[in-house]
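Enquirer: For the protein sequence lines, the chains are A and B, in the order given.
Under my numbering, residues 1 to 329 are what the first sequence spells out, in order.
Under my numbering, residues 330 to 712 are what the second sequence spells out, in order.
By construction, these hints were calculated from the structure, which means they are not laboratory data.
C-beta atoms are modelled at their ideal positions from N, C-alpha and C, and glycine is treated no differently.
Fair warning: there could be bad hints in the mix.
[What the hints assert, rightly or not] Beyond 12 Å from chain A on every Cβ pair, some chain B residues (computed):
1. GLU369
2. HIS382
3. LYS387
4. CYS456
5. LEU481
6. GLU486
7. PRO507
8. ASP526
9. ALA536
10. PHE537
11. ILE572
12. ALA593
13. TYR646
14. LYS692
[Unchecked claim] Chain A stretches covered by chain B per the calculated footprint, using a threshold of three residues with CB under 8 Å from any CB of chain B:
15. 218-224
16. 289-303
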Amino acid sequence: MTLPPLAWHALMAFIVLNAILGLVAYVTLLERKFAARMQSRIGPYYVGRPHGWLQPIADALKLMLKEDVVPTSADRGVYNLAPIVFLVPCILIYATIPFAPELGVADLNIGVLFFLAVSSLEIVGLFMGGWGSNNKYALLSAMRAVNQIISYDLPFIFAALVPVLLAGSLQMSAIVAAQQGLWFVAYPVFGQLAFVAFVVATLAAENRVPFDILEAESELVAGFRVEYSGMKFALIQLGEYAHMLGTSFLGALLFLGGWLGPGPAWLGPLWFLVKAVLVFLLVTWVRWSFVRIRVDQILAISWKLLVPASILLLLATGLWVATRGAGAG
Amino acid sequence: MTTQTVEIGYGGSERLTMNMGPQHPSAHGVFRAVLTLEGETVVAVDAVIGYLHRCHEKLGETLTYVQYPSIASKTDYVAAMTSELAYVAAVEKLGKIEVPKRAQYLRVLAAELQRIASHCLWLGTWCMDMGGALGGGATVFLYCIRERELILDRFEELTGARLLYGFHQVGGTRYDVPAGWDTKVRETVDFIEKRIDEYEAMLEGNAFFLARARGVGVISRALAQEVGVSGPLIRGSGVNYDIRRAEPYSSYPDFDFRVPVETAGDCYARYRVRMAEFRESIKIVRQVLDGLPEGPISSRPGVKSVGQVRVPKGEAYARIEGARGEVGCYLVSDGGPKPYRMKWRGASFSNLAVLPHIIPGHKVADVVAIMGSVDPVFGEVDR
């Protein structure tokens, strides 16, 4: 029995959505455990022994049961809509990620472009939240967010375009196929530099320490989500982690060969997941070892170093590919 | 305190008044700073204190010389040993009470261990101010708390308390060293000394940390002397001033230590001074343990009644070098069992006065970094 294409996409979307939500919950547990180890702590332990495996569910339940407080002077419409506007693009980025050949919601021929475009949209929800809360901390955070996204989306996109050039395609499955011989992270010079730029830009795009100036709880308390509580806070949190995991999947796909790996083909999605989690842990590792830098320093790093460097890298890659021919990796 | 507001004209853009504190993750207690912002830049600071005022000085007049030392520890609760010491030192000066050599050495030991513990907490909280509770700062914080815990354990073995000790009493100390305690203290400081190297490697090899600390919150030598800051702040601004040297008390001349001085005056200089002080304190602790004389721990009999200690009419000011700077206690006696008037000179209070001079012109993020580098404890500011 073959399903009509639309039904197939809908079914896949349903499966991916639920799998992602479950995965995101457990990624938070992974991060907490990982951070705890770094800080010589144990981390969640008592909720679901051993090692607190029920903690994410307990957290979600707690947030659902919490009172939803709306500040009296908030712009209610904007305030209430913001978490959803924030969450949707964060989930939507999974639409173009294939988890194995032919296994994904939609393997668009402009997959990478779609991912990059949609992932930048989260800023709209973020700014709405910061503005609608009518709180000075939230407002400052929203301003910083816009600043940062504008600065770091450019190097993020340029770094992501290097593998695209090397593979000669914007389609995600084609990029993975091009890494059959050599993962792009191992591609001499271009691949490695692009991977470094990608990880740095990812940290900024995901608002992680050392670039987490929007959240900056020691200055701005909690930034744009300072006034959110209960389920709305949960949605923002969910969106943030979904975005982070999605970017990790993109990194694994662009640089680490996606589902390629030893063993039978059905192990592919598993390999992909392992690689994405590795990228996620790399980002987490950086997060829990650095201090946050200042907003002007963040902008200086981006405009004075990362943007010119990534443009040069992209140009050099383009020249290299033009002389060698696409897909030569 | 008259709050001084320094404004810098940036011209043009709209100003935003933002309240930082008294309830704020990096308020270090209950400090409230009313910031005037132009974009991200702070153009004016209005510092508001007094949220933790507990009438300590009035309380000191209602309690006897025997009772107050254990309350004195509640002024600077992060370094409780030093405020107790300042009070009993003032009483001893007033009453011309001798302190046995062993007690003097024990006081130095307690003060230096307390300095290590206090600096541990400072390093952790300062990094948390810069790195966030969900980031690298929290990692340093938890490491530092882990080390501070060891010293608190030693204090617990010595006095039975972990935060507010009641270790000092007029004429000496209340407790003597338990058996085998000195070996444990040696192990503790050996361990902490190794860990301090790790923190230095972790922080000074980190470009982001340096970017946040270098050139931020510069206190010039002239400003430091004019405002009257003390402790690591004035030593970070190039003034070689340490009461342990300038006006020695409790047998400090017996020990060989260096007074670290940095000239830059920024947050990084203050950090360097405190990191060097860790090592100097450890050095002093070892010397005390090596040379601890035998003998009584107090020149007065044990406490039988609260009115036991009486001092002649007069007044006295005693000052000691606490972890945060000069902790002073001024006493006026009318010959009774209680002081007629008591006044604290809190190191944090005087150090905090420098904030409105140095914050304007910095970004919001620097405000917390500068405040953390001042290391205020609000129990001591408000008293």
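Enquirer: For every hint, state whether the structure bears it out.
Expert: Against the structure, the hints:
With a closest Cβ-Cβ approach of about 6 Å to chain A, GLU369(B) is found to fall inside the 12 Å limit, against its non-interface label. For HIS382(B), the non-interface assignment is confirmed: its Cβ lies about 25 Å from the closest Cβ of chain A, beyond the 12 Å cut-off. For LYS387(B), the non-interface assignment is confirmed: its Cβ lies about 35 Å from the closest Cβ of chain A, beyond the 12 Å cut-off. Taking the minimum C-beta to C-beta distance to chain A, about 6 Å, the non-interface status of CYS456(B) is violated against the 12 Å cut.
Once the 12 Å rule is applied to beta carbons, LEU481(B) is consistent with being away from chain A; the minimum gap is 17 Å. Distance check on GLU486(B): its Cβ is at least 23 Å (rounded) from any Cβ of chain A, clearing the 12 Å threshold; non-interface status holds. The beta carbon of PRO507(B) is kept farther than 12 Å from every beta carbon of chain A, the shortest such distance being approximately 28 Å. Separation of ASP526(B) from chain A is adequate, the least Cβ-Cβ distance of about 17 Å exceeding the 12 Å criterion.
With 12 Å as the threshold on Cβ separation, the claim that ALA536(B) sits away from chain A is violated: the shortest Cβ distance comes to roughly 9 Å. For PHE537(B), the non-interface assignment is contradicted: its Cβ lies about 5 Å from the closest Cβ of chain A, within the 12 Å cut-off. Listed as a non-interface residue, ILE572(B) keeps its Cβ farther than 12 Å from every Cβ of chain A; the least gap is roughly 32 Å. Its beta-carbon lying about 18 Å from the closest one in chain A, ALA593(B) satisfies the requirement of being farther than 12 Å from that chain.
Every CB of chain A lies more than 12 Å from the CB of TYR646(B), the least distance being 38 Å, so the non-interface label holds. Not every CB of chain A lies more than 12 Å from the CB of LYS692(B), the least distance being 5 Å, so the non-interface label is violated. Under the rule that three or more residues need a Cβ within less than 8 Å of chain B, the assignment of the segment 218-224 of chain A holds, with 4 such residues. For the segment 289-303 of chain A, the stated coverage by chain B holds: 9 residues have a C-beta nearer than 8 Å to a C-beta of that chain, and at least 3 were required.
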